[in-house]
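Chain Y is already provided as a structure; the job is to place chain G on it using the hints.
Protein chains: 2
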Amino acid sequence: MNFKATVHIMPRPGILDPQGKATQTGLHQLGFSGIKEVFIGKQISLHLTAENEAIANEMVEGACRRLLANLIMETYSFEIEKV
Amino acid sequence: MNFKATVHIMPRPGILDPQGKATQTGLHQLGFSGIKEVFIGKQISLHLTAENEAIANEMVEGACRRLLANLIMETYSFEIEKV
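Residue numbers (this note's numbering), protein chains in the order written: chain Y, 1 to 83; chain G, 1 to 83.
So that you can see chain Y by itself, here it is in the shape it has in the complex:
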């Protein structure tokens, strides 16, 4: 079975996010003064094949923990859908 997983990786609250700060400054300079805070993370789309949804889930969980997310500085979540 084929699945598509969408993984969301964000900096943990309180962790310095210099890319977010720089973007916020850029937005203010463009006149978007209503935008108060900016946090930048990653969105990763995975296409995978697995026997069933439970195995796909385990595979994505493992990929997040072992490679995709830095658990010290980031949190992750994901959804899986059958395609």
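Possibly wrong hints are sitting among the right ones.
Because identical chains share one entry, a pair is satisfied inside a single copy or across any pair of copies.
Here are the simulated DSS-like cross-link-like pairs (lysine-lysine), alpha carbons at most 30 angstroms apart as the crow flies [as the list claims (entries may be wrong)]:
| no. | residue 1 | residue 2 |
| --- | --- | --- |
| 1 | LYS42 | LYS21 |
| 2 | LYS36 | LYS4 |
| 3 | LYS82 | LYS21 |
| 4 | LYS21 | LYS36 |
| 5 | LYS36 | LYS82 |
Hints in this document: simulated from the structure, not taken from any laboratory. These numbers were taken from a predicted model, which means no experiment stands behind them.
Structure of chain G alone, referenced to chain Y:
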């Protein structure tokens, strides 16, 4: 009113995604051979204040078009929620 917007920015289909390819290779080397394709984009969380949801929507749309997304290479979508 305060809003939180979540912006999803992904490489357009067909655009070379070297970061995705490198991640895919890394996942295969770790034994995740079921993961066939990897696409890496950005997820941006914005906290903003605006008079109403329509104005907040317009603000986020403008921020995406003018700074956050590179429309030649990327597509974007977003949700807004009142906080």
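Evaluation of the provided hints:
1. LYS42 x LYS21: both (16 angstroms within a copy, 15 angstroms between copies)
2. LYS36 x LYS4: between (33 angstroms within a copy, 10 angstroms between copies)
3. LYS82 x LYS21: So LYS82 and LYS21 pass the 30 angstroms test across copies only (22 angstroms; inside, 37 angstroms).
4. LYS21 x LYS36: Within one copy only: 10 angstroms inside, 34 angstroms across.
5. LYS36 x LYS82: between (37 angstroms within a copy, 14 angstroms between copies)
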